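J.: Using the numbering used here, you'd call the opening residue of the sequence shown number 1 and step up by one each time.
Please keep in mind that the hints were generated in silico from the structure rather than gathered at the bench.
If you're wondering where the values come from, they're calculated on a predicted model, not measured in any experiment.
Built from N, CA and C at the ideal position, the CB exists for glycine as well.
A few of these clues could be false.
[Stated by the list, open to error] The list that follows gives simulated cross-link-like pairs (lysine-lysine, DSS-like), each with its CA atoms no further than 30 Å apart: (1) Lys-235 <-> Lys-272; (2) Lys-182 <-> Lys-98; (3) Lys-395 <-> Lys-123; (4) Lys-5 <-> Lys-26; (5) Lys-221 <-> Lys-147; (6) Lys-58 <-> Lys-5; (7) Lys-26 <-> Lys-334; (8) Lys-334 <-> Lys-383; (9) Lys-272 <-> Lys-221; (10) Lys-19 <-> Lys-138; (11) Lys-203 <-> Lys-221; (12) Lys-62 <-> Lys-383; (13) Lys-98 <-> Lys-5; (14) Lys-123 <-> Lys-334; (15) Lys-182 <-> Lys-19; (16) Lys-123 <-> Lys-138; (17) Lys-182 <-> Lys-244; (18) Lys-87 <-> Lys-182; (19) Lys-383 <-> Lys-87; (20) Lys-138 <-> Lys-334; (21) Lys-203 <-> Lys-272; (22) Lys-62 <-> Lys-395.
[To be verified] Cβ-Cβ distance ranges computed for the label pairs, FRET-style: (23) Gly-222 <-> Asp-287: 34 to 40 Å; (24) Glu-399 <-> Gly-253: 34 to 40 Å; (25) Ala-37 <-> Asp-287: 47 to 53 Å; (26) Ser-415 <-> Arg-47: 32 to 38 Å; (27) Asp-362 <-> Glu-227: 51 to 57 Å; (28) Ala-13 <-> Asn-252: 27 to 33 Å.
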Amino acid sequence: MSDLKTAALEYHAHPRPGKLSVELTKATATARDLSLAYSPGVAEPVREIARDPELAYKYTGKGNLVAVISDGTAILGLGNLGPLASKPVMEGKGVLFKRFAGIDVFDIEVDSESPQAFIDTVKRISITFGGINLEDIKAPECFEIEKALIEQCDIPVFHDDQHGTAIVTAAGMINALEIAGKTLAEAKIVCLGAGAAAISCMKLIISMGARLENIYMVDSKGVIQSERTDLNQYKAMFAHPSSKRTLADALNGADVFVGLSGPNLLSAEGLKSMAPNPIVFACSNPDPEISPELAHATRSDVIMATGRSDYPNQVNNVLGFPFIFRGALDVRAKRINEEMKVAAANALRELAKLPVPQDVCDAYGGAPLAFGREYIIPKPMDKRLITLISDAVAKAAIETGVATLPYPKHYPLQSVDDVFNG
Numbered sequence: 001m002s003d004l005k006t007a008a009l010e011y012h013a014h015p016r017p018g019k020l021s022v023e024l025t026k027a028t029a030t031a032r033d034l035s036l037a038y039s040p041g042v043a044e045p046v047r048e049i050a051r052d053p054e055l056a057y058k059y060t061g062k063g064n065l066v067a068v069i070s071d072g073t074a075i076l077g078l079g080n081l082g083p084l085a086s087k088p089v090m091e092g093k094g095v096l097f098k099r100f101a102g103i104d105v106f107d108i109e110v111d112s113e114s115p116q117a118f119i120d121t122v123k124r125i126s127i128t129f130g131g132i133n134l135e136d137i138k139a140p141e142c143f144e145i146e147k148a149l150i151e152q153c154d155i156p157v158f159h160d161d162q163h164g165t166a167i168v169t170a171a172g173m174i175n176a177l178e179i180a181g182k183t184l185a186e187a188k189i190v191c192l193g194a195g196a197a198a199i200s201c202m203k204l205i206i207s208m209g210a211r212l213e214n215i216y217m218v219d220s221k222g223v224i225q226s227e228r229t230d231l232n233q234y235k236a237m238f239a240h241p242s243s244k245r246t247l248a249d250a251l252n253g254a255d256v257f258v259g260l261s262g263p264n265l266l267s268a269e270g271l272k273s274m275a276p277n278p279i280v281f282a283c284s285n286p287d288p289e290i291s292p293e294l295a296h297a298t299r300s301d302v303i304m305a306t307g308r309s310d311y312p313n314q315v316n317n318v319l320g321f322p323f324i325f326r327g328a329l330d331v332r333a334k335r336i337n338e339e340m341k342v343a344a345a346n347a348l349r350e351l352a353k354l355p356v357p358q359d360v361c362d363a364y365g366g367a368p369l370a371f372g373r374e375y376i377i378p379k380p381m382d383k384r385l386i387t388l389i390s391d392a393v394a395k396a397a398i399e400t401g402v403a404t405l406p407y408p409k410h411y412p413l414q415s416v417d418d419v420f421n422g
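Please work from the sequences and hints to get the whole structure.
T.: Put into structure tokens, the structure is as follows:
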């Protein structure tokens, strides 16, 4: 761990502090170049944009620029350490946007005294961007913030901690259920945790066919059920009549466990009580709700996923957000709606069933990869992600009427370079 700490600090500090920089996209070699870039030439696009605001997409980088914004109240697994401490994470998110989808990012850390102040700040600067990625904002404030900004902004607003996790989890869960010979409609699902990611995960799988009465969400006080009087509006959506009161009650006979809570909260006894071929998504990071070693030692029939890269079936948001935004930006969508999220999840689960290229296998140690218990979710280095997910999202935006541009001529994308060559 000390070696990792040293390496991480060195990585962020040298040879230049931080992980992002601004690059030039036009020639600046001559006096004429500079006169076009700034004064007097810059006056021409200014006049055009003043005449027609939509021309900002033609004459500026707005259409390929996403704001990654946080107040630092829920940083990774570190908690509320404030907006400035969140900056390395927001820069890191920018790296992933650029690396995987060719999207430019400004990271913005907001020191706000209230959710409303945060909303007001983001709304005022939103015209700069083609999309807004909210990050590391604690629940339940994150729900209020995202809802308000979706309503007030005319560009996509997406809280990745909610929806990115939900999309990847849903894709992997449906594939795991298929391998186990089960269906989403019939599966009994236990969700340990009732924060932003947990609520969004359960909402999305309901959109994809799960039944509310088969979902048992568990918070620190036990099963969320209709007799409880201490539930906020977000938890109350998942309350239904049930005699189950504890995590142990909920696990008995369950087909799926989704952990979005904390380390070592799923016991071997709890896993033993689950149905045959249990599916476990233990997504607490870095320490999952149950270690894969203990899970496999307890149940030989378990299908296991975690949030970690050193085990099979990593629930990794980078499988979703770069390509979701790519598809949304390319058709100039006004928002990212439920249909676009479902389309992304379906594209992701279908990709896991396709033959895996050798270069992807090589990137992960060279061993063959194929759809099965240890490969229910694609790998982030799979170049087909931008082809399939961006395409599916763009089509869903067009079909649901939130796109303002037609299907791009350069789709389906084959690589990041296609974004700029098309």
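J.: It remains to establish, for every hint, whether it holds in the given structure.
T.: Verification of the hints:
no.: 1; hint: Lys-235 <-> Lys-272; in the structure: holds (28 Å)
no.: 2; hint: Lys-182 <-> Lys-98; in the structure: violated (38 Å)
no.: 3; hint: Lys-395 <-> Lys-123; in the structure: holds (27 Å)
no.: 4; hint: Lys-5 <-> Lys-26; in the structure: violated (39 Å)
no.: 5; hint: Lys-221 <-> Lys-147; in the structure: holds (27 Å)
no.: 6; hint: Lys-58 <-> Lys-5; in the structure: violated (44 Å)
no.: 7; hint: Lys-26 <-> Lys-334; in the structure: holds (28 Å)
no.: 8; hint: Lys-334 <-> Lys-383; in the structure: holds (27 Å)
no.: 9; hint: Lys-272 <-> Lys-221; in the structure: holds (23 Å)
no.: 10; hint: Lys-19 <-> Lys-138; in the structure: holds (25 Å)
no.: 11; hint: Lys-203 <-> Lys-221; in the structure: holds (21 Å)
no.: 12; hint: Lys-62 <-> Lys-383; in the structure: holds (25 Å)
no.: 13; hint: Lys-98 <-> Lys-5; in the structure: holds (25 Å)
no.: 14; hint: Lys-123 <-> Lys-334; in the structure: holds (14 Å)
no.: 15; hint: Lys-182 <-> Lys-19; in the structure: violated (44 Å)
no.: 16; hint: Lys-123 <-> Lys-138; in the structure: holds (19 Å)
no.: 17; hint: Lys-182 <-> Lys-244; in the structure: holds (23 Å)
no.: 18; hint: Lys-87 <-> Lys-182; in the structure: violated (42 Å)
no.: 19; hint: Lys-383 <-> Lys-87; in the structure: holds (28 Å)
no.: 20; hint: Lys-138 <-> Lys-334; in the structure: holds (25 Å)
no.: 21; hint: Lys-203 <-> Lys-272; in the structure: holds (27 Å)
no.: 22; hint: Lys-62 <-> Lys-395; in the structure: holds (22 Å)
no.: 23; hint: Gly-222 <-> Asp-287: 34 to 40 Å; in the structure: violated (23 Å)
no.: 24; hint: Glu-399 <-> Gly-253: 34 to 40 Å; in the structure: holds (39 Å)
no.: 25; hint: Ala-37 <-> Asp-287: 47 to 53 Å; in the structure: holds (50 Å)
no.: 26; hint: Ser-415 <-> Arg-47: 32 to 38 Å; in the structure: holds (36 Å)
no.: 27; hint: Asp-362 <-> Glu-227: 51 to 57 Å; in the structure: holds (55 Å)
no.: 28; hint: Ala-13 <-> Asn-252: 27 to 33 Å; in the structure: violated (51 Å)
Hint check: violations occur at hints 2, 4, 6, 15, 18, 23, 28; the rest are consistent with the structure.
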